[in-house]
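Using the hints, build the complex out of the two chains.
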Amino acid sequence: MVDGLALWKQLLQVQEPWVVQACRADEFNRCMAVWIGVEAPRSWFGLGRPRVVEGGAEATWRHTGFGGWRVQVHVRVPVGSELPRHSWAGEAGMPFTRALDRQILSLLNEGVGMSGVCSILDLPMTDLWRYRYALDHGRHAVGAADAVPMPASPAEAAVPPALMAFSRVPNLEDPVWVRLLDGSVKLDVRVLGLQLLLSRTRSQVAVIADEEVRMMKLRELHRYFVKNERMLAHELHQLVSEAA
Amino acid sequence: MSPLKNGLMLPDEVARLIEAGHCLMVAGDEALLRLLPSGQWIGGTIPYFMGSEGGQVSRERLFVTHVPTDAGAPEIRSYDITSISHLCADAPANGFSLIIIPAFSATHSLYARKAPEFEDMFMKPVVGWIAGCHLDDLGRVAPAVVSGPELAFDTERAVVMHVPLPPQRYAHVHIANRMRQGEGGLLRFPETGFSAGRCTVDGVETTLAAYLDANRADLRLPLVADYGGASVNVSIKGIDRDAGRVDFYAPVFGDVAYRLAEPVDFTADDEPGADAVNALWSCNCILNYLYCGLEGRKGSAPGGPMTFGEIAYLLLNQTQVFLEIKEV
Numbered sequence: 001m002v003d004g005l006a007l008w009k010q011l012l013q014v015q016e017p018w019v020v021q022a023c024r025a026d027e028f029n030r031c032m033a034v035w036i037g038v039e040a041p042r043s044w045f046g047l048g049r050p051r052v053v054e055g056g057a058e059a060t061w062r063h064t065g066f067g068g069w070r071v072q073v074h075v076r077v078p079v080g081s082e083l084p085r086h087s088w089a090g091e092a093g094m095p096f097t098r099a100l101d102r103q104i105l106s107l108l109n110e111g112v113g114m115s116g117v118c119s120i121l122d123l124p125m126t127d128l129w130r131y132r133y134a135l136d137h138g139r140h141a142v143g144a145a146d147a148v149p150m151p152a153s154p155a156e157a158a159v160p161p162a163l164m165a166f167s168r169v170p171n172l173e174d175p176v177w178v179r180l181l182d183g184s185v186k187l188d189v190r191v192l193g194l195q196l197l198l199s200r201t202r203s204q205v206a207v208i209a210d211e212e213v214r215m216m217k218l219r220e221l222h223r224y225f226v227k228n229e230r231m232l233a234h235e236l237h238q239l240v241s242e243a244a
Numbered sequence: 001m002s003p004l005k006n007g008l009m010l011p012d013e014v015a016r017l018i019e020a021g022h023c024l025m026v027a028g029d030e031a032l033l034r035l036l037p038s039g040q041w042i043g044g045t046i047p048y049f050m051g052s053e054g055g056q057v058s059r060e061r062l063f064v065t066h067v068p069t070d071a072g073a074p075e076i077r078s079y080d081i082t083s084i085s086h087l088c089a090d091a092p093a094n095g096f097s098l099i100i101i102p103a104f105s106a107t108h109s110l111y112a113r114k115a116p117e118f119e120d121m122f123m124k125p126v127v128g129w130i131a132g133c134h135l136d137d138l139g140r141v142a143p144a145v146v147s148g149p150e151l152a153f154d155t156e157r158a159v160v161m162h163v164p165l166p167p168q169r170y171a172h173v174h175i176a177n178r179m180r181q182g183e184g185g186l187l188r189f190p191e192t193g194f195s196a197g198r199c200t201v202d203g204v205e206t207t208l209a210a211y212l213d214a215n216r217a218d219l220r221l222p223l224v225a226d227y228g229g230a231s232v233n234v235s236i237k238g239i240d241r242d243a244g245r246v247d248f249y250a251p252v253f254g255d256v257a258y259r260l261a262e263p264v265d266f267t268a269d270d271e272p273g274a275d276a277v278n279a280l281w282s283c284n285c286i287l288n289y290l291y292c293g294l295e296g297r298k299g300s301a302p303g304g305p306m307t308f309g310e311i312a313y314l315l316l317n318q319t320q321v322f323l324e325i326k327e328v
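So the protein sequences, as listed, match chains A and B. Just so we're aligned: 48 in this note's numbering is position 48 of the first sequence, and the numbers increase by one with no gaps anywhere. Just so we're aligned: 99 in this note's numbering is position 99 of the second sequence, and the numbers increase by one with no gaps anywhere.
Chain B on its own, in the form it takes in the complex (with noise of 0.2 Å):
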């Protein structure tokens, strides 16, 4: 839909696309994100990406995505945790919301335990991404992301361009997600959480530790949701043992039954369908980075962000979202 290209760029084009009037959203370390200059765009930190030519990891280069703007000029906002429920009311009627949010910030785990009971939430599109760092900086280096209109750089608020659209097009997210529900036991847990001690096994009670002990799981494979033919996944972060406590990277929900993902080749090439080659934009998980060995090799189209986390409405890990945008 864009006629304008998205892929990674040097600090100074993408500067000179600010200043040209472009709305963008850009991702990228935190140091080039410093060079740009203030206008309409909306950027968080993260140095993996899914270029032309393949994953790579770089501090030289910016991922830039050209928004479109013939509905009107979009709606930079940034949210904290007492305002962003409001986040899909306060989206155009018709259009889409793209979302930024900072990764280990209180608005991070806000979103991603409550983004379901939000007002709107599924009438209106929103696709995003978790801002991250390189892997080497964990735990020193704190992700953040940027409004463009003020140059504010922010590690608790979450940042949000609301993008109109005219009448004949509309926004489509759809995700691409190698994960299935295994044969194994359907899991429950008592509530929701980023970890998990106790839940019950095929309705007998014991714990997950000990379960994914049993089974010698995998722990690069997902607990699996089944939202109505939707895989949503929750990729595992480790075992506590000593705790008998399971950590995630997104959280289980107490009223939403799992499975164990059935394993996968993580060496096998994905088959990008029609709809991601069309798309708008897209992002990919980092646990896909490094799980499949994505640096170097060519991964699907068009290409993006390798985050902290995908959001497409909910809070996803293992699988890449796409934004088209469609003509009625």
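Chain A extracted, bound-state conformation (with noise of 0.2 Å):
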């Protein structure tokens, strides 16, 4: 049990203070129900209180299936607490967790019918109504929490129009963005949120394998620069004078 709970902690990408606390498996059904609840951290030296988490009510969604598998996701709520806003999770009152969501959005803008949908997904229709309804009204919102982040972010809506057509930030195509981030391009910064995201990037990178994860850091490293150009001169006096 053990095991099969660290399994779904990984697959389900569940993070501290979230914890699976139980998995149940439905042969005759193919259907897998994983429990997910808090875990308070441990005390800190020795001042730390006792912390009951108090399991307030449960919510239950149909999550994306594995291996044919039909998951059922129940979140023990602590008393007090919102709910989750990540992907294993979904809207209050809603059917799917955010991870389905989007799945079924995807299918249903590429033009495929209600039925269509729950025969690729296996869903039941009634669920999918009910999606879709919510939807129609205006009560649901999909997937703006874990969203992945695009070039026109919230952070990056900050920058005025007029700014970014006078920016200075290097194309994310040049490559003095891989030699800043492997280290080969050394810059003096002064910026303290420039040095703590890009020492901790760095040393994300010098272990990250797959090209699309270092993409995604790249990417990251990108928009700080293009939302915090106005106090980024000394920076980018030498970064542009680096690049292509």
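These are computed hints drawn from the structure, not numbers from a lab. Some clues are possibly wrong.
What the hints assert, rightly or not - A few chain B residues facing chain A, derived, Cβ under 8 Å: (1) 83; (2) 109; (3) 110; (4) 114; (5) 116; (6) 170; (7) 173; (8) 227; (9) 255; (10) 314.
A virtual CB, placed ideally from N, CA and C, is assigned to each residue, including glycine.
Next up, the structure:
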């Protein structure tokens, strides 16, 4: 069972303070039920107060399937806490997790009909109608919290378009970004946020082999420069002189 | 930037500011915070301050910082361990977030270890401090934070004020840290945590306790990590020799290298930089207050609470944190 909990923690990407507390397989219906709750961090140098995490109401959502198995996620939210915004959880009153939500929406956007969506994702029509009804009546916003950061992210939205037009930040395709990440371009950095971000990102990239993940880190760094260009004159001057 | 004066005030003065609609961050003794009316403010417990007359412990005055509202009213929210990871994602696109976390709470522990992984961390400015208590009350009194609109005192959740700024201004976070990495061995730890047993020193397995004892280390000196030029301290709480364990006031990270700080003169005066003088807000560390003997001594402008931990994105120790609002 411990192995099962660890596996589901990894598959669902459940992170502290959330833990997978139980999982149960229904072989007949090929359905896996997973329970997620909160575990309070351990006390700190003897002064931490014992903390009982009181479980409140349990919310249940259908999640994306694995290996032909349906997955039902049950989340025990502590009293006074808000519903988790992770991809393995959904909105209050909605039938699906955010991860499944995005799959459904992308199929609908591709023109797949309701019965087609149900067939492809093995969903009950009643749940899909409930979801569709909420969408059509503006009662459900899709995946905002877990959306993959796109170039026009909220952080970048702070930069007035007029300033963006005169941006000195090298394009994302410029090789200088890869060299900045691998440390072959060394900048004298005076801004604390960039010092911390660059140091952390470099140590991560040093052990990341996957090219897509490295690109994600690179985009994150580029986004930082775009968003904070106003305070990076000293650093940008050096970066631009290194750029192609 | 703020035309209003920040500093130590009597509760009556602070109450009048709140009732007049000012937006404030308030630090002080819990009994004084309980005298304040509801309004646009957040607060945390601590009786140690750097004021205009120098370092002092006070149960009569509160340290008040005026928060700018020229881009709209700040949003005040509370975060627990299930939601604190969304702190930066919830922050305004242009602005900053002020956070106060009760010491020894689960939120304190989680923030200290996990903040680097929070969505949008480092993208948006976050500063704040860890609420504490009088050192005589350690273990008896729970540090607390306050959400002013509801006058809600909380010993577990963090309180945050998300402050938007107009497009022509931006928030700049910087730190003053007299500690630098020393010449000693490079320390690495097998995992992130508030205590350490095993470690490597220049690649050789040992225990941190043995290393500190062998080097007759001054335990007032922290371990220091170099984050691309920024020195980040992890202060040592003590050595449990029976358990072979060293405890810290902030976590060491498993993917970060440290060295013991080079010796400093704890009695030397700080030389505040121009940035420090212009800061909207600042806080300093209770360990600096104790080790540097700051009671009655003037420290760097602009003053502020002496706290159980400082936050400049990450949880810091023995560091002064500044927030400055700059014009484009």
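Verification of the supplied hints:
no., hint, result
1, 83, "holds (6 Å)"
2, 109, "holds (4 Å)"
3, 110, "holds (5 Å)"
4, 114, "holds (7 Å)"
5, 116, "holds (6 Å)"
6, 170, "holds (5 Å)"
7, 173, "holds (5 Å)"
8, 227, "holds (4 Å)"
9, 255, "holds (5 Å)"
10, 314, "holds (7 Å)"
Every hint from the earlier list agrees with this structure, and none is contradicted.
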